[in-house]
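Take the given structure of chain E and dock chain F to it, following the hints.
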Amino acid sequence: MTDQEILQEVRTYIANTFLDGDSKGLDENTPLLQTGIVDSMGIMELLSFIRDRFSLDLPEEEVRPENLENLKVIVALVNRFKKS
Amino acid sequence: MDFSWTPEQHQLYDNALAFARDRLEPCVQKKVGFRQCFLACGEFGLLGLCAPESYGGVGLGALDTARTFEAVGRGCTDSGLVFAAAAHLFACVMPIVEFATEELKQQVVPKLCSGEFVGANAITEDVSGSDAFAMHTAVEKDGDDYIITGSKSYVTNGPFADILVTYGTLNPAHGHMGIVGLVIPTVTAGVTVGAPFEKLGLKGAPISSVYYERCRVPAGARLGRESQGSSVFTRSMHWERACLFGMYLGVMDRQLEQVVAYLKQRRQFGKPLSKQQVLAHRAADMKLRLESARLLLYRACWKIDCGEDATQEIAMSKIATSEAAVQSALDAVQLHGGNGVMEEMGIAQMLRDAVPSTIFSGTSEIQRNLIARGLGL
Numbered sequence: 001m002t003d004q005e006i007l008q009e010v011r012t013y014i015a016n017t018f019l020d021g022d023s024k025g026l027d028e029n030t031p032l033l034q035t036g037i038v039d040s041m042g043i044m045e046l047l048s049f050i051r052d053r054f055s056l057d058l059p060e061e062e063v064r065p066e067n068l069e070n071l072k073v074i075v076a077l078v079n080r081f082k083k084s
Numbered sequence: 085m086d087f088s089w090t091p092e093q094h095q096l097y098d099n100a101l102a103f104a105r106d107r108l109e110p111c112v113q114k115k116v117g118f119r120q121c122f123l124a125c126g127e128f129g130l131l132g133l134c135a136p137e138s139y140g141g142v143g144l145g146a147l148d149t150a151r152t153f154e155a156v157g158r159g160c161t162d163s164g165l166v167f168a169a170a171a172h173l174f175a176c177v178m179p180i181v182e183f184a185t186e187e188l189k190q191q192v193v194p195k196l197c198s199g200e201f202v203g204a205n206a207i208t209e210d211v212s213g214s215d216a217f218a219m220h221t222a223v224e225k226d227g228d229d230y231i232i233t234g235s236k237s238y239v240t241n242g243p244f245a246d247i248l249v250t251y252g253t254l255n256p257a258h259g260h261m262g263i264v265g266l267v268i269p270t271v272t273a274g275v276t277v278g279a280p281f282e283k284l285g286l287k288g289a290p291i292s293s294v295y296y297e298r299c300r301v302p303a304g305a306r307l308g309r310e311s312q313g314s315s316v317f318t319r320s321m322h323w324e325r326a327c328l329f330g331m332y333l334g335v336m337d338r339q340l341e342q343v344v345a346y347l348k349q350r351r352q353f354g355k356p357l358s359k360q361q362v363l364a365h366r367a368a369d370m371k372l373r374l375e376s377a378r379l380l381l382y383r384a385c386w387k388i389d390c391g392e393d394a395t396q397e398i399a400m401s402k403i404a405t406s407e408a409a410v411q412s413a414l415d416a417v418q419l420h421g422g423n424g425v426m427e428e429m430g431i432a433q434m435l436r437d438a439v440p441s442t443i444f445s446g447t448s449e450i451q452r453n454l455i456a457r458g459l460g461l
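Those protein sequence lines, which keep their order, are chains E and F. Numbering-wise (the numbering used here), the first sequence opens with residue 1 and increments by one. Numbering-wise (the numbering used here), the second sequence opens with residue 85 and increments by one.
Isolated chain E (complex conformation):
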């Protein structure tokens, strides 16, 4: 799966789950946490999605804002922890 495909899947998930399907203005650098697009319950849902969809073996200590603050770093996170 390419970076672009991962980004598109996560973007679609976030738009459908947290933005009523409206992905306008949601690019790879949009701050997801600071803007409140993904709130405290949403983060659990997002983590659950990326863990299941991309079969991630994601250690708890990696659940840090630096790894979740925008789509760009989420794609990097997925690539780092995808089960081979």
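Mixed in with the good hints there might be a few duds.
As the list claims (entries may be wrong) - Which chain E residues face chain F? A few, computed with CB under 8 Å, are given here: (1) P31; (2) L33; (3) G36; (4) E69.
It is worth saying that the hints were derived from the structure and are not from the lab. Computed from a prediction, not measured in an experiment: that's the story for all the values here. Ideal placement from N, C-alpha and C gives every residue a C-beta, glycine not left out.
Leaving out everything else, chain F in the frame of chain E:
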């Protein structure tokens, strides 16, 4: 599905009820003071029910903890005091047990369990109530220390607190993941506790504001990781929303016993009130409401004990129990007629103590949001 209790669980309930009636209630009636009552709770084990034995707790699970609070709520008429004990345990002791360093746990948990220390949770602010993570209290890093500046409102146990589990924003750019939880002794320089507030009910639970003026604590005071504050708080609310409300089941048991006795004893129109079907039906509805709430609460606690995500079950249980407490208290007042509004009957007090329950630990509206979220709405 097995709904029976073990002999040990029956014994636990009986012991807690006896403690509440024979030890705690006399303290309340004699007005021995909050600290003395708290020490009595600590001596019984109430303040550390679900804390590990190695830190001075009792080591119970959520279900047994909730049922113990149910017994105490039934046996003690000062629901404010029982609420204070529960807030201390679920929103201060448990976050420390589950997220603090080993050194900090050894240092404070035994004293919190014994009642030597009174614990409080400080998250709500004047400007951020239900929107708890929109807090203004700021945390900055200075070397290995944290410096906190801001204020908290509605801090249960604040006027007597020795330990404040305090939440503040370390990095606003990280939203709810920029919140950090810190354990702050009230003797720390820069901490000021405001005057106690007067409130509608739960008067036995002291409450105040707390102010932090460049208050410095070491890194070892942190709960979990820097980004974990909102998770720490959410976890503590799971404990509180599930187990604390056991107290209200006990209150409703006591209330219903009182209602039934009154309906049988008082005669109007030539027969006992209990033979007036319209009144008996109201009592039956109280029973139905109580048992429905009880099942939801037990199931939520059971799910916590299974280690499963219980967000939905806890939210449903919290709504059912708190709204049952308010409605049944109103019914009890109505069934007692003029006597229901007389202080000496204790019925009016139950109503005043029930009203806050749909607000604290997350309002009914917030709980419905959580349920709707679980439905994908």
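Structure-based check of all given hints:
For E/P31, the shortest C-beta to C-beta distance to chain F is roughly 7 Å, which falls under 8 Å, so the interface hint holds. Checking E/L33 against chain F by beta carbon gives a least distance of about 3 Å; that is within 8 Å, so the hint holds. Taken as an interface hint, E/G36 checks out: its beta carbon lies about 6 Å from the nearest beta carbon of chain F, inside 8 Å. A distance limit of 8 Å between C-beta atoms decides the matter here; for E/E69 the minimum to chain F is near 7 Å, and the interface restraint holds.
Violated hints: none; the structure is consistent with every hint.
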